[in-house]
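Trainee: Taken in sequence, the protein lines are chains A and B.
Throughout the first sequence, residue numbering follows my numbering, covering 81 to 776 in sequence.
Throughout the second sequence, residue numbering follows my numbering, covering 81 to 776 in sequence.
By construction, these hints were calculated from the structure, which means they are not laboratory data.
All clues given are correct.
To give an idea of the chain B side of the interface with chain A (calculated C-beta under 10 Å), a few residues:
hint, residue
1, 272
2, 287
3, 554
4, 746
A few chain B residues facing chain A, derived, Cβ under 10 Å:
hint, residue
5, 532
6, 560
7, 641
Every residue, glycine too, gets a C-beta built ideally from N, C-alpha and C.
There are 2 protein chains.
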Amino acid sequence: RKKVQIFQYVFLKWGLALLIGLTTGLIGFFNNIAVENISGFKLLLTNKLMLQGSYFKAFLAFAGLNITFAAAAGSLCAFLAPAAAGSGIPEVKAYLNGVDAPSILAPSTLFVKIFGSVLGVSAGFVVGKEGPMVHTGACIANLLGQGGSRKYGLTWNWLRYFKNDRDRRDLITCGAAAGVAAAFRAPVGGVLFALEEAASWWRSALLWRTFFTTAVVAIVLRSLIQYCWNGKCGLFGQGGLIMYDVSKEVSSYGSYDILAVIVLGLIGGVLGSFYNYLVDKVLRTYSVINEKGPSFRVLLVIIISVLTTCCAFGLPWLVSCTPCPTDTTHECPTIGEIGHYKSFQCPPGSYNDLASLFLTTSDDAIRNLFSNTIIREFQMSSLYIFFVTIYFLGIITYGIAVPAGLFIPVILAGSVYGRIVGRVFHSVSVLDTGLFSLLGAASFLGGTMRMTVSLCVILLELTNNLLLLPLVMIVLLISKSVADCFNRGVYDQIVKLKGLPYLEAHAEPYMKHLVACDAVSGPLVTFSGLEKVETIVHALQSTGHNGFPVIGEPPFSESPELCGLVLRSHLLVLLKAKYFSKERRLSGRDILNKFSPSDFAKPGTGKGLKLEDISLTEEEMDMYIDLHPITNASPYTVLETMSLAKAMILFRQLGLRHMCVVPKSQGRPPIVGILTRHDFMSEHILGLYPHMRQHK
Amino acid sequence: RKKVQIFQYVFLKWGLALLIGLTTGLIGFFNNIAVENISGFKLLLTNKLMLQGSYFKAFLAFAGLNITFAAAAGSLCAFLAPAAAGSGIPEVKAYLNGVDAPSILAPSTLFVKIFGSVLGVSAGFVVGKEGPMVHTGACIANLLGQGGSRKYGLTWNWLRYFKNDRDRRDLITCGAAAGVAAAFRAPVGGVLFALEEAASWWRSALLWRTFFTTAVVAIVLRSLIQYCWNGKCGLFGQGGLIMYDVSKEVSSYGSYDILAVIVLGLIGGVLGSFYNYLVDKVLRTYSVINEKGPSFRVLLVIIISVLTTCCAFGLPWLVSCTPCPTDTTHECPTIGEIGHYKSFQCPPGSYNDLASLFLTTSDDAIRNLFSNTIIREFQMSSLYIFFVTIYFLGIITYGIAVPAGLFIPVILAGSVYGRIVGRVFHSVSVLDTGLFSLLGAASFLGGTMRMTVSLCVILLELTNNLLLLPLVMIVLLISKSVADCFNRGVYDQIVKLKGLPYLEAHAEPYMKHLVACDAVSGPLVTFSGLEKVETIVHALQSTGHNGFPVIGEPPFSESPELCGLVLRSHLLVLLKAKYFSKERRLSGRDILNKFSPSDFAKPGTGKGLKLEDISLTEEEMDMYIDLHPITNASPYTVLETMSLAKAMILFRQLGLRHMCVVPKSQGRPPIVGILTRHDFMSEHILGLYPHMRQHK
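Taking the hints into account, I'd like the entire structure generated from these sequences.
Mentor: Structure (structure tokens):
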């Protein structure tokens, strides 16, 4: 490459990281403002009607708005972009592992993800906007990296450098990190999330670029928040960069507290893994309903919305009123604004603590639970009711056709659980129940998501209390270890459930008993260095392979030898250009002068050339094509006797898509077969060798 | 493996992580207490004598103690364990890259590192104890992983599972992380440091284990610190888990502050890279002196100690006295204890601000500079003098024969620099000069060490002010980018200077123009599957190779084919056991029953069998040995025509030590050559192909 091209590449790399950071920061902020204003309006209206005593009217308004928003979100999702349903983190994870599933990162998915998420959260579902933000960040990165969608005619010449797997994967990683950073206002947590959970391959250089992206997000968010301080953003409020600040709470603890925290972690791990188990069961049930068509999906959304609405509005009637505290600086009961003490059905001078959790935004509910200065004590009955409701609503809500993050439901359920445990240990523990609540959230997060360092940093950045760090670490370690005994992390489970061919980092034990050629299956289609057009077209039509080995044969080499690997997409480009010759002769490298390197660049998902687009005459079909110039002459190869476990590690570590298996002894064809991602899936191998199941 | 063995392995893995955490935490704390008490005593004595007006006596006491400590540290280092000199981070980094340099992690190195570091810091050198703590952590991990040193008879049977490269590397990574965690009381920062700077290979599972180790360190530290709160630890003081707490300082900033911060980052980057440049020059000069023998090394240590002492005691005379603040809660001037306001030569009621920086521990000096509540303003002249002195003393101190960390000198110089910049921008900036000081430290760290995320988290954990995060990120990004234009990070530079064969993560551009067989050099020594003992002994004597390809030959296979690779250490075990046969016949797998797997385990550095230990009779030399059972039958191979760049990536990503290059065409010997780490070094390749230099 020339100097100017290197400069263009570097400029583009950092420019795109900057753009991803800016856009994700802006969208994250927009998302936040929209949710706060829409749900704020809804809650304000309900609250006002309740204060006026028009309980039925209040219910109608609340339920009406909830169901309308839910139906809108569900329709968007079901009809426009089914890929936008759910969290999106499993999909991003699979993409970064090398799975090119269609439409995961399409512009329509982005659109639905943003607006569906706003509507879904506003509809009062027990869902978060964090998972969707990760997906949104990834979509933005993909869109920017492709120079916009070709459909909408936004392409730019410089972007040709980014048409390869690695650069695109790097961008998506930055996008995912930016998403977390925007969702939790946690720039370092975002980098670590991308590293620990999202990415399958990682380089030090990428750490650096991701860090830059999330720094941009943090700066954007900080400026916008500062701009909103003087009330220009409607109901957005005056929050700072720290979402749930507990830095003012004293955190001294003794040995009994450690004991309490260990118990908290143990039970949190069990409850977290049970959560995963139930989510899995519910998703399997829903997939039957969802297959029946988009209208059924919308119906499911509406049913869940009705259920959620009834719980949120109905359950607070069950608890008794609490007299307002006298020493608080907060208004009680809250009249106009979205405050912390909800009056609900209670007489003046008292408030309903369950309504203060249900009839508020999730962010405010978490703030109420984490803090010990806002609402000092909740009634035990309120906590129990809230815990059970949120735990099960969270489970049945995930999987319906709305963008739904798992973080917020898990944090909510965990923090109530933590408060309950804190109350149980009240007599022996000096640790504040608000901090117990935070630790409870940590234990649930550890039990469901099974992340460690990233969760720790995200929680730190959410709450700004560094002194709690040792306790948070203990809780996360315990809950993750306990939960790992039962099942896998929730995202891994969903990836598996969706049937995406995800390559694990380690080889399965039974792979040690097999060698590379054992996993080779299916007919091998090879081309000769100078191949007839007809043969190529036929091979492309009759197989779905994306890579074909090219064999050099006698007139052009001494004995048959492996020239390399040619990709389907490159063959199509060559076929389209019709650069054929009548005789079998080498055309040399001048063929490449007819193309620019960008012609062979990897196109966006589903946007490449198709065989049907190329029409060839009978005469052309009889001609020859020289494959040497477009053959990758150094494909990665393994000997057929290489242990399959080692071959799999090689395949995964280097991020390959095709691996050639070559024979060990001489005098045989120079290639035994090709291994692809699907050949390493345990379903495939155990299908071929069912007796290996015992080694599993 | 059987179930019980898997259990033993898992138990050991976590048990060792726990032990590493515990031991490193304890040693880190011991280190801290020892330094605080020894330098505390020294400073107390000097201070008392100064207050009494016996200035010359004070100088004698100060200089005498300094030089004694320095000479002790230097002698320990020069005579006992030269590998303990310097930071140790470059050596750990090289070890984790796969370089098995002798004595890097030996028990004697550990001993000298701990005590030399305490003495060196107590001697008043401008050195930190952080780098040495990383090395200490790594040594502890190595020692525990080997089951103690064999010399001292501490071995344990279970540990046989840990005698391989990967498990040992994982332990050392945990040790390095624990070191950082103990040094800075920054558990998450430790994990990130290990990830970003130390480790060359990283797996998600390792993140999790490292996190556990640093959590243990954090808990140990916290309990010990709590134990010391009631003054049981001498002069250790009442610090908490946060070393330089600035969380109480307000951090609001506007657009002018951003401008000031950008300027700070720019200049910080330049100064940081200049620091690296000077360190490199000084190290090259010192290496000439150091080669002359241990006594010269000790002499150099003493000279630097005298220089440092004169600066610290002499320079405060130059500045004028400052009247004591009236509103402070601190005693002023400090009389007995090590406080913040040093009287020095000043009359009662006033203090010497330069002495308050020089005649105190580095930790206290940094605390004074970061904070705005302790000493509100320093005189500009004091700041300038301190900056220049510390900047150059730091540079000339690194490289002498004492364990010397780079973090503290860089943080010190950076924080003074930050204060100076803060004062320059005083009129337009609302940001506090104490916070400027913190940002200055960040800019210097970014400019010298070139880490990003880990520095950010370490600074966060050191100072506990999350609201500064966006500014710290900006400063780190700018200073690293600026400094990267001039030279490489200081640790990379030192690795290079020491001539360690460090494998970079990316291939050099000229490697794209070469193929794998171009880098193969030297005579290839192969064995046949059934080889004469004499041939093997001769090959082991005449070459230094550690791996030999084994070729299967006709009576036992159809045509010559590559059986695999046999390691020197395994050959030696087989030779020692004298399992030979008179005829050329296959002995089958029963030979392995004579050995336990642990006989072939990788021994600790420099502890393996040697050829000289084995005596063979002439009769035995004529016998045959069957190499098949000990041959690694699936070595990683590349075709000779594979691009060298791709081969290098394969070698590095998979952490290989030997890679077989196999021929492409048939009818040739089944192996072309072997590539090792040294064959990928640019010195080697550019030596073979000098004309490639232009592509560099």
